[in-house]
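Peer 1: Okay, here's what each chain looks like letter by letter:
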Amino acid sequence: MAFVALADRDDDAHSHDPDTFITKYIWSQDHKVIAIQYAITAISVGLVALVLSLLFRLQLGFPDSFSLVDPTEYYQYVTMHGMIMVVYLLTALFLGGFGNYLIPLMCGSRDMVFPYLNMLSFWVYLLSVIVLMASFFVPGGPTGAGWTLYPPQAISEGTPGVDGGILLMILSLAIFIVAFTMGGLNYVTTVLQARARGMTLMRMPLAIWGIFVATILGLLAFPALLVAAIMMMLDHVVGTSFFMPEMLSMGTANEYGGGSPILFQHLFWFFGHPEVYIVALPAFGIVSDVLSVHARKNIFGYRMMVWAIVAIGALSFVVWAHHMYVSGMNPYFGFFFATTTLIIAVPTALKVYNWILTLWRGDLHLTVPMLFAIGFIFTFIHGGLTGLFLGNVTVDLPLSDTYFVIGHFHMVMGVSPVLVVFAAIYHWFPKITGRMFHSGLGKAHFWLTLLGTYSIYLPMHYLGILGLPRRYFAYGDTDFIPESAHAMNAGITIAALLVAAAQCLFFINVIWSLTKGKKAEANPWRAASLEWQTPDTPPKHGNWGAELPQVYRWPYDYSVPGASEDFIPQNVPDAYASTKDDK
Amino acid sequence: MALAIALILLVVGSLIFHFLSPWYFTPLASNWELIDFTVSITFVVTGIVFVIANLFMAYCVIRYRHRPGQKADYEPENAKLEWWLTIITSLGVAAMLAPGLAVWGDFVTVPDEAAEFEVIGQQWHWSYRFPGEDQQFGNVDIRHITEDNAFGMDPADPAGQDDVLVASPIVHLPVGQPMRAWLRSKDVLHNFAVPQFRVKMDLVPGHVSYTWFTPTVVGEYEILCEELCGMAHFAMRGRVVIDERDEFENWLSQQPTYSELETQTVDPMLGQASYGLCAACHGQQGEGMQALNAPRIAGLDNRYLERQLKYYRDGVRGTHDLDTAGAMMRPILAALPDEAAIRNVAAYIETLTTESPITSVTGNVIRGKQLYENCASCHGENGQGIWAMNAPAIAGQHDWYLVSQLKNFREGIRGSHRMDLYGDQMMMLADVLQQDGDIDDVVAYLNTLSTN
Chain A
635 MAFVALADRD DDAHSHDPDT FITKYIWSQD HKVIAIQYAI TAISVGLVAL VLSLLFRLQL
695 GFPDSFSLVD PTEYYQYVTM HGMIMVVYLL TALFLGGFGN YLIPLMCGSR DMVFPYLNML
755 SFWVYLLSVI VLMASFFVPG GPTGAGWTLY PPQAISEGTP GVDGGILLMI LSLAIFIVAF
815 TMGGLNYVTT VLQARARGMT LMRMPLAIWG IFVATILGLL AFPALLVAAI MMMLDHVVGT
875 SFFMPEMLSM GTANEYGGGS PILFQHLFWF FGHPEVYIVA LPAFGIVSDV LSVHARKNIF
935 GYRMMVWAIV AIGALSFVVW AHHMYVSGMN PYFGFFFATT TLIIAVPTAL KVYNWILTLW
995 RGDLHLTVPM LFAIGFIFTF IHGGLTGLFL GNVTVDLPLS DTYFVIGHFH MVMGVSPVLV
1055 VFAAIYHWFP KITGRMFHSG LGKAHFWLTL LGTYSIYLPM HYLGILGLPR RYFAYGDTDF
1115 IPESAHAMNA GITIAALLVA AAQCLFFINV IWSLTKGKKA EANPWRAASL EWQTPDTPPK
1175 HGNWGAELPQ VYRWPYDYSV PGASEDFIPQ NVPDAYASTK DDK
Chain B
53 MALAIALILL VVGSLIFHFL SPWYFTPLAS NWELIDFTVS ITFVVTGIVF VIANLFMAYC
113 VIRYRHRPGQ KADYEPENAK LEWWLTIITS LGVAAMLAPG LAVWGDFVTV PDEAAEFEVI
173 GQQWHWSYRF PGEDQQFGNV DIRHITEDNA FGMDPADPAG QDDVLVASPI VHLPVGQPMR
233 AWLRSKDVLH NFAVPQFRVK MDLVPGHVSY TWFTPTVVGE YEILCEELCG MAHFAMRGRV
293 VIDERDEFEN WLSQQPTYSE LETQTVDPML GQASYGLCAA CHGQQGEGMQ ALNAPRIAGL
353 DNRYLERQLK YYRDGVRGTH DLDTAGAMMR PILAALPDEA AIRNVAAYIE TLTTESPITS
413 VTGNVIRGKQ LYENCASCHG ENGQGIWAMN APAIAGQHDW YLVSQLKNFR EGIRGSHRMD
473 LYGDQMMMLA DVLQQDGDID DVVAYLNTLS TN
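These protein sequences, in sequence, are chains A and B. Numbering-wise (the numbering used here), the first sequence opens with residue 635 and increments by one. Numbering-wise (the numbering used here), the second sequence opens with residue 53 and increments by one.
Since the hints were derived computationally from the structure, they do not count as laboratory data. Note that the coordinates shown come from a computational prediction; the quantities given were computed from them, not determined experimentally. For each residue, glycine too, the CB sits at the ideal point set by N, CA and C. Any given hint might turn out to be false.
Here are some, though not all, of the chain B residues that point toward chain A, as calculated from beta-carbon distances under 8 Å [said to hold, decoys possible]:
{"id": "1", "residue": "I57"}
{"id": "2", "residue": "F71"}
{"id": "3", "residue": "F102"}
{"id": "4", "residue": "I104"}
{"id": "5", "residue": "L107"}
{"id": "6", "residue": "K123"}
{"id": "7", "residue": "L143"}
{"id": "8", "residue": "I197"}
{"id": "9", "residue": "D200"}
{"id": "10", "residue": "N201"}
{"id": "11", "residue": "M283"}
{"id": "12", "residue": "M441"}
{"id": "13", "residue": "Q487"}
{"id": "14", "residue": "D488"}
Bound-form chain B, shown alone (with noise of 0.2 Å):
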């Protein structure tokens, strides 16, 4: 009896778990309300299936529980009501089936007038390519890929020239434009899900897939990478901001080229007039100065160097209230006028070099090292930075500065800006450390790379 009462309370309970249950699908952010039709669908003919089948039996253990002198029927089959839930049964699937492969239909078959571009999945960042006026993606290839050319892009192909390379997490789409996306990995299996838009593709290397949809509510829309991707796939975020036509064209617009980009002058040498102004704090070395809180910046890889001007530029880094140090920075950004004089003093300080710093930070090393490992995915083992990774160098940088970032990093003083992703995965995987003495180990342990 207590079985058959349990059995109702389930199906009870389970079905006010779905009604009254406040997850359910994000709000619709694209052209896919037939996936969330044949969705419903698919609730309604189990729902029914699930309370009937169950009450049936609810009512099977009341009615036939064992009593003293109670005798089972016997009877082996009964071809006729078998037949009746085969048939039952092949209506009820077909009634699923039939929208979910009309659907399917609309899903492999991308409009015309869809415009296309390009996601590319890497460990574990976004990046996204539009084929430019010409309307024609130019040719990739992984062997052509180099510090300068993150894309791969073939410098012979005249398709190319003009694609415009989004190198960063965060795109944008223009509402009501239907949209093929091409889906490329440099790597790994990865997979391009926008939950809002309810469709998802994993990207395969040496392989190009593609998905579709038509954004249709202006907004701004996580991507998240579905397919497991290593240590860090599930810091793996991106963005899609849907604008109205114009403010695309104008985001568009204001995204580098591939010949723009091949086209750029670096000079260092003009750099190093700037940096008189970095040296009061930071050394003529780029040695740092802790009573300044300045790290030792010399060698530092040029593109992360220029990431982090524009986001203290861009009031993205060193905006936090308790980032004291960091807005430090933000009045120095003033005498770097345009794109160009960041470039060049960000070359310069990549051409520094300096001694390896005093250490102070002591820890249990060995377990440094462990923890480590989620950190040399990036990092490199030896803490030398992967440019392909967008990882700087984080041996020979002073250790106490490491242990006041990784804080702020935890604490979300660092990364928490919306424009900051890549300061969002670190966030996230700082989070890791949660006791300061985590902290002190990792940065214990680094301490040993930087004086090898």
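Just chain A, same shape as in the assembly (with noise of 0.2 Å):
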């Protein structure tokens, strides 16, 4: 007989369930196993970040109040800061996360294709983690050199953490790197592979569209980081000039010579511009079906919808150098560039225009999760809109390397897709973990989130227009700063410990709801989709029981005329679906 995949097999009768401790909560290959360790991993090393940010926004806040940071700690903490949110955080807990949870039970399968790989996928992930964390403990520290870590300031003396800090910095990425590539060839396998029958890439949830297309992205993209990390070890240990060039340091002249500062700026957003969407995919498909399941009513424009994370997928691939307009790269980049992003907003706002229609004429339940996919709809398109702004080269200009951009990316990629983490965690709690969260404390976490984030952002905005340079450490006495700007950054600085503090709702939470909470249906939003069709809350190993199941139908069969529920699961035939009539 020939070998098949524990993904793919039928009756679960040689899948062998893991009996110790360890197998089952330690070296798990169990898909849902892995994806609770890479989430916990990754909201672990998140909240550092988290503190961090504190800590440099309390320097920018009071900057004479508190002397907790020194120029050196705040260009520390700013790049990890960054770093470990876009990588370590949000693209692990997306892909490593949801994408490891939900693909094998949304398509139907009892595990990844290579559960094995699975497992060493997280291994790898932890390592690269304990590499990055180990920089705070070397002589100089972590690297100052910005989340963009651009030669040759990055391995030149007066950045700080240039000796130890620098080189834990690109290993610990090398290391993400081969992570993501275990991960990923699993999950983009998986989905390919492991379907179950009927389950046609027409009929998968935009959930695992997002994650697979950004799987793929992640693919591509790694790699150009990983290039580019290696070139820069090898200037920095070895003395090639990649991208150095001769210049002076510390007033002396280097032993570099040829090398181009600009081609790592390349090879950097090569891969820096699609890992937007390595984020934002993941999330625009689970806030999909967040929207579709409260709201009672298909998600609107489902084919549209596929074609639009494909179109901005393959388009994430040619727009990279708008992130650099004001490089010093030949400027007629800049016609081409410029073109090419404006067009990724039109297949971007046709998915905006569809979760609203969505929502219209439906039957909207504002519950806990619907209530963070709405608030993503108006944070994305507040930082979809500001990213008009800064794609078109002419205005980039004066907005370029101020507050506007750190203002536009904190709203379209670190608040938006949190709030579909959140919209996420609380939607699929009732399946991961059997018990219901507490709606009130929920709302709470909400609101104060989605106020609170929102006066961090906008007022930065016009910072930004102002002329409020980012990455500085103080502004000291600027002619064209007024005493009112310095006021907001107070402000600001508030509303972030706010935010923060209101995030302890959220582990509360968790917490509480993990062994007070009531026991969740197996089904308590009444979804289409597979995963809530389980035989078991939460599913045990292998997920199906004796028999994988069968779909008929997409997901998103809410509100059927005729149907006596208001919802058809995907894996009830069509001569059962029961109508009114039927009654």
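With the hints as a guide, bring both chains together as one complex.
Peer 2: Here it is as structure tokens:
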């Protein structure tokens, strides 16, 4: 008999249930356990990054009151905050966390196609996090080169952490990419090869489409970062000159010659721009599903949504140099990259329209996940629109490298994806834990997070238009910066402290609900997609009990005319979909 | 319902914030009103979308929130609606992109009548070069850079002989004249940005980039570095002074050319004669004297000394009300009649040597070492000073003097004069040492460097 991967096995007679604590919870090959391991690690390291941001916000808001950080530490914390949030939190959480949990369950497989590789992926990821955190404890501390790690300064004297910090950062990124590749190949293969019978590609939930396309982006984009990291490592350690021109270092000419700093920027942003969508596409997909379930309405324009995800993914590879309009590259590139960048706005806008049109004529249940999902639409509209400023090359000139940029990307790839993360956690919490969360705490968490973050980032755009440069430890006496701007900076810091404090509500809610929460039904939201149709809640190892599900329809059959219920699960055949007439 | 109200309030609040915000573009001082225009178009288009999309969403939340018996519509797609939305969106995008590209066309095309100057960035200072009478820049190379040739001019290139070298963070430009700024970096990436001009561009080592603008309003504007360039990035400031044409020409004619600097003579022996006056307070060997608030000056970099002497002469230093010790220096400068005299005495002082001073300040050396990380990038790991960073030696200086100067910088008693941008940088960095204990710790650490 030919070998059949566990993911595809119809009965689970041959799947060896893990029986010891270690195989069940530590060296586990179960995608659900690995997902939770990924999520806990990512959120923990994200909390470190959150604390770092509070430390440097206190400096920015109250430069004369706290001496918590000096310039060296400021640049180190800003750098680590950015890198952790983008790569080690959001990328890992969306793909390693939600990707792992949702792909097999929503596609109707028993597990990932390569469970051992999946387990390895998590442990290698954990290693990358440990290496990154180790840089706090080496002489000179972590790198302060900015999360973009631009050479020459990333590996030159005068930048904090130039001894050990930058090497550990590069090493950690390389390890992360290895981990991501192991996980990513798995997610793509599982989606392509291990879907349940009847689960055609065009019947896949948008969450899976988003995760699937984002993973492909990651597999194509991360290698660019990997080679850039290796080349920079060689420049720093061996003395090659990939990125290093002849230049002064502390007053004396260095040994380098002929390298191009701009080449690094091209490689970095060839990774870096798709990276935005590696985070955004899973968020787009997940929020589509959450909206549809809680609006009791099919997602509007499903086919358009799928093609928009694919188009955005493809276009994301030809817009990278919009991060480099003022980098000193040939300015004629600006015409091309501004055009491609604004073209990408069209499919993105269509996705927004379709989310809102999903609410239109719906039956909106304003549950906690739904609040977060609608909050996401608001913040994403804001962040997307400010992207039109920065993407349009001329408009970018005065705004580049100012607080406008910080406001923009925190709205679009900080706040927005994080709101989706919370929507997703609240939405799938009953399935993952078998318990309901506390709705009141969840709502309080939503309100404080949405209003708090908006009051952090909206004013930042205007400080940026005024001309406040980003990555400044202090502003000193600058003629064009009025006292009111410093007062606003203090206000922003207070809002940031409040938002950070509000996240305690989330952790209290999770911990409380795990033990005291009401027992969850198998399908409390009355959702149609496959993960809610498992025989057990939480699903057991192998997910589907004796028999794999058979899929008969798309995942959005909500409020189908004539049906007795307002949803028809994907695994219910037409003949059995009870109608009102049956009753 | 709360959600719908919140969405409406967020939209209304954002609009109010937009219109009432005291923070908007600085008044334009260049030809780039078209950039402001493209920004305005973008605000209008995106503002309309922001309001309509969110208010429609708020309407949906009110109108279609769950009520008993309510049922959602079943409408998988609506090709006609989706096409309309695609077309309208594309039109809106085109309305922003087209003017954007047109103005970018202006930006990449430097007008023929543009005059040229060069902006040179280095950690963490600006300097400038004008092409001189021949309107041609001479070759420069990193390998030519020495203490006496900080611009790295090629001595063999005739085109460079008349290049005007401005070794100061402050540059003057004529109003109404289109200027092409050639941008060059000696070390890492920097970015030349003047908010009032709107344009900015990176300086890339190993490469020459450019930007152009026509200053339109006479006045003084800050130059900011807007590309992270290391620990003191935030303190890399310069200033551009926009003058009427003849004032500009006058200023330019006072700046030295490369060949003038090359042929300048320095005679420490002549300086020794003038030094007699200094010795009264600073001692025969420049060892300094606490009773007279005189620091040790022996062996200090001559360029640093020249700069400080000129500052005293021009009232840039020693004029703050609280700087009584500095004020004592000012009348002395009358004895140094011209630039050459200042140069000579500075050169003489540089040749002096003396014993390490006795230390009196104590503090937490370990913490001081940590804080000193922020100083070491300019003053050197051993406090030896780095000429290229315009930073004097501080190891070997009297600790009481270091404490007094750090306090002066922190309080703005030294460095707050508008012409003292190097001092301004020290003010921003001394601000890190907010408690007197911090200053003692750093100085105590410096004492350990002096005695080694």
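Peer 1: Now tell me, hint by hint, if it's right for this structure.
Peer 2: Now for the hints, and whether the structure bears them out:
1. I57: violated, 12 Å
2. F71: Check failed: Cβ of F71 of chain B comes no nearer than 11 Å to chain A, outside 8 Å.
3. F102: This hint holds: F102 of chain B lies near chain A, its Cβ roughly 6 Å from the closest one there, short of 8 Å.
4. I104: violated, 10 Å
5. L107: violated, 11 Å
6. K123: The hint holds - K123 of chain B has a Cβ within 8 Å of chain A, the shortest such distance being about 5 Å.
7. L143: violated, 10 Å
8. I197: holds, 6 Å
9. D200: Violated. Min distance 13 Å.
10. N201: violated, 12 Å
11. M283: holds, 5 Å
12. M441: Status holds, d = 6 Å.
13. Q487: holds, 7 Å
14. D488: violated, 12 Å
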